[in-house]
Amino acid sequence: MSGSPLSRRGLLLSAGVVTAAGLAGCDLDPTSSGPAAEPSADPDEAIVTAARAELSDLITRLGTGTGTAALVAVHRIQLAALQGEPPATTGRSRTLSRTRTVVRERRAAERFTRWASASESGDLARVLASIAAGIRMQPVLRGAS
Amino acid sequence: MEVPALQRTLAAEHTAVFAFGVLGGRAAVLGQSPLRPALAAAYDVHLVRRNRLRILVTGAGGDPVAAEPAYDMPRELTTPAQITAEALRVERACVSTYAALVAATTGTDRAWAVETLSAGALAELAFGGLPLPLPGLPAGFARG
Numbered sequence: 001m002s003g004s005p006l007s008r009r010g011l012l013l014s015a016g017v018v019t020a021a022g023l024a025g026c027d028l029d030p031t032s033s034g035p036a037a038e039p040s041a042d043p044d045e046a047i048v049t050a051a052r053a054e055l056s057d058l059i060t061r062l063g064t065g066t067g068t069a070a071l072v073a074v075h076r077i078q079l080a081a082l083q084g085e086p087p088a089t090t091g092r093s094r095t096l097s098r099t100r101t102v103v104r105e106r107r108a109a110e111r112f113t114r115w116a117s118a119s120e121s122g123d124l125a126r127v128l129a130s131i132a133a134g135i136r137m138q139p140v141l142r143g144a145s
Numbered sequence: 146m147e148v149p150a151l152q153r154t155l156a157a158e159h160t161a162v163f164a165f166g167v168l169g170g171r172a173a174v175l176g177q178s179p180l181r182p183a184l185a186a187a188y189d190v191h192l193v194r195r196n197r198l199r200i201l202v203t204g205a206g207g208d209p210v211a212a213e214p215a216y217d218m219p220r221e222l223t224t225p226a227q228i229t230a231e232a233l234r235v236e237r238a239c240v241s242t243y244a245a246l247v248a249a250t251t252g253t254d255r256a257w258a259v260e261t262l263s264a265g266a267l268a269e270l271a272f273g274g275l276p277l278p279l280p281g282l283p284a285g286f287a288r289g
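Those protein sequence lines, which keep their order, are chains A and X. Going by the working numbering, the residue at position 30 of the first sequence is 30; the numbering climbs one at a time, nothing skipped. Going by the working numbering, the residue at position 61 of the second sequence is 206; the numbering climbs one at a time, nothing skipped.
For the record, the hints were derived by calculation from the structure and aren't laboratory data. For every residue, glycine included, the Cβ atom is placed at its ideal position computed from N, Cα and C. Keep in mind that a hint or two might mislead.
Per label pair, the in silico range of CB-to-CB distance [as the list claims (entries may be wrong)]:
id : chain 1 : residue 1 : chain 2 : residue 2 : range
1  : A       : Ala70     : X       : Pro225    : 25 to 35 Å
2  : A       : Ala69     : X       : Gly207    : 43 to 53 Å
3  : A       : Gly67     : X       : Ala173    : 38 to 48 Å
4  : X       : Gly207    : A       : Glu110    : 41 to 51 Å
5  : A       : Glu120    : X       : Asp208    : 28 to 38 Å
Covered stretches of chain A (chain X as the covering partner; in silico rule of three or more C-beta atoms under 8 Å from a C-beta of chain X) [stated by the list, open to error]:
id : stretch
6  : 111 to 122
7  : 132 to 139
Work out the full structure: start from the sequences and follow the hints.
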């Protein structure tokens, strides 16, 4: 199902990178000699950061497991919707057992549900809620009691 | 902002209740098909949601939108595959609607919309829907 991920403008505003007034003409080039835009205190910034970290951690921990490729692909799409950078593949890491995978995925779904309810931005809430739903749809949780 | 979104969602549930009523009737000739209890369960779920939305609209100061006398349904609804496909389409439309309701609401209304979006996504699976990542659902109604 194609859709409309959070727009870059919407996500930058939600992440508190720049103010709305500054976004139109701000210079994000770190080498620029111009004044840097002051980041706004955005209540959703912490949510976006935490949500990206949650998905990145899942991708990292699932990435080397057997039979998890499809789930990793789902989380990569979800992370991209939050304009998050995929984690670097850095050799072998301790992978999750099947039981731990279920626990982590369930926890992630609950966290995204809470974040969706807590988000100030309605657009961000929509994306977070759809991620929670997408996680719950995955076979790993549907097959678990 | 909330009342129009609640009204749109109520309208979507009116459609869903009608549709699952029709689909349940069409499936009655299928004998002991697992499709029949799935359609009956979906009908009940959408009926409950519709009733709740009426209360939410009233509580928000609106006059709940009434159901239409009838809704357009596909002409061909005789085989399990046709009935299942239409059931899936209706569930997907509702999921998109609840995504929009999430964006348009706050507090307990949003919390309910978030939970219902998940429930609706899971309901798609009962009618052949595939598990999807789901980010970036359309902000408005699904088309088709």
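> Which hints, by number, does the structure contradict?
Replying inline: 4
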